[in-house]
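Asker: What follows is each chain in one-letter form.
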Amino acid sequence: MAIEIPEFIIPLLPWIRGVVGLSLVGVIFVGAMGAVWLERKLSADIQSRMGPCRVGKYGLLQLVADAIKLFTKEDLRPLNADRLLFNNATIFMMGSVFLMLVAIPVGAVFINGVEYPLAVTQMDISVLYIEAMSALTIFGIFMVAYGSNNKYSLLGAFRNFARMVGYEVPLGITVVSVAIMSGSLNIVDISRSQGMLWNIFLQPLGCFVFFVSLMADMGRLPFDQNESEEELIAGWITEYCGMRFGLGFFAEYIHMILGSFLVALLFLGGWNVPGFVANNPVLGLIAPTAFLLIKVVFVLMVIIGLRWAVPRFRIDQVVDLSWKKLFPLSLLNLVWAVGLGLYLYPGA
Amino acid sequence: MSGIIDSYIPVAIFLVMALIMPPMTMFIVKQLSPRSKAANKYTTYESGSVPTGTARIQFNVEYYLYAIAFVIFDVEVLFLYPWTTVFKGHGITSIALIEMFAFIFILLFGYIYLWKKGALTWVK
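Protein chains in written order, with the numbering used here: chain A, 120 to 467; chain B, 1398 to 1521.
Hint data in this document are derived by calculation from the structure and do not stem from the laboratory.
It cannot be assumed that every hint is accurate.
Below are the PhoX-like pairs computed for lysine-lysine, each with C-alpha atoms no more than 25 Å apart in a straight line [what the hints assert, rightly or not]:
hint : chain 1 : residue 1 : chain 2 : residue 2
1    : B       : K1438     : A       : K443
2    : A       : K192      : B       : K1434
3    : B       : K1438     : A       : K192
4    : B       : K1513     : A       : K444
5    : A       : K176      : A       : K188
6    : A       : K188      : B       : K1427
7    : A       : K188      : B       : K1513
8    : A       : K160      : A       : K176
9    : B       : K1513     : A       : K443
10   : B       : K1438     : A       : K270
11   : B       : K1514     : A       : K192
12   : B       : K1438     : A       : K188
13   : A       : K444      : B       : K1514
Owing to the predicted nature of the structure, the values given are computational and were not obtained by experimental measurement.
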């Protein structure tokens, strides 16, 4: 049976969810700091270095020190920069990740055998919505790069643009082929429908295409042609310094965490583990969320590890990979998903 | 969960948060950070030499061709989304399937045309 809710609260419920959900913003910022720390430690391990180890135990306070530094740095804007674009780009970058965060379930609790996903809001089209909000980042990046009136930044912006447009299409098609299996565009329903069999086993090709496209979408190495420290001097953020850079940097890491959530929810079964039934009241409260977070950290570590294992592609290779390889592969996966759907649910 | 509007109220709350948070952070930075004036500081970075001209230049057309191709195929993907929800359990599986594959098939011609024309090949 479900929990009883007093009658008068029901119209207020979305407002309460929204305001309480704002605490998630704080959580995700701490998570992003954790991800930065993890990346620095992991990359140090891969390269046989120490990584941060002076500030605090295991260098855990390094990020706090960095934050203090960013807060006390002068806010510089080149004289010939476009003020409007340059100043407001962070709103787009932060807005993109915040609005993604609203629709992503960060876990679930089972109370008396009834499942309650821990999402700030649930909508019928949340997968489409999340994808749309994720694509908003490109506006922020383009505003910074075009606004700062720097040639390196301009090159970075155009590269970013060419990359993003190529990878949105395979990303969209793989999401469609996942949504077919559950017959819903609600990410909670998609996650729920993978109770017994995860989508990664049903559509390994789709998972591969989705993961590669997501890496490109997030601008992670080997797909960070917009940054290219060696050739473009950090590309789109050449002129972005101090806390403005900090905000963009944080947005990028939050985007990475939310991307890992997407992989876990769409392909790795979300909070489901085959054979696990939440009949124990305490376990039902903790275990599903813990399962999801373990999967997310696993995906995160794969993403970080890939950064230090694969060199950056050239821009023409990137564009070729998306249009000539991933796009046909995603269509192939769509056909496979349709066939599988017809086979698994005959006469539906 | 009553109505579609209700599920977007938290979105509005988060949007307001996203609108105020970065300017607020920059305001705090303005209070804390030092300021000094030097003319050279405010030029754009061009590997140390004095910047020549602005960055508002004519640019490689290559990038725009990809953008045009993108518009076609992204709209295609958008049309696929409603189809996913009626794929099973609505009794129109076969007709929806045939229609959607006809749709994708027609667009595939455009894709092959682009490929053959060399629009998807990066000009060196």
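Asker: All hints are to be evaluated individually against the structure, with a verdict given for each.
Answerer: Each hint tested on the structure:
1. K1438(B) / K443(A): violated (45 Å)
2. K192(A) / K1434(B): holds (14 Å)
3. K1438(B) / K192(A): Holds, at roughly 14 Å.
4. K1513(B) / K444(A): Roughly 15 Å separates the two Cα atoms, so the pair holds.
5. K176(A) / K188(A): holds (19 Å)
6. K188(A) / K1427(B): Judged against 25 Å, a Cα distance of about 13 Å means the pair holds.
7. K188(A) / K1513(B): violated (53 Å)
8. K160(A) / K176(A): Measuring from Cα to Cα gives roughly 13 Å; hence the hint holds.
9. K1513(B) / K443(A): holds (12 Å)
10. K1438(B) / K270(A): OK: K1438(B) and K270(A) at ~17 Å, within 25 Å.
11. K1514(B) / K192(A): Given pair K1514(B), K192(A) is violated - Cα atoms ~51 Å apart, limit 25 Å.
12. K1438(B) / K188(A): Status holds; Cα separation ~19 Å.
13. K444(A) / K1514(B): holds (17 Å)
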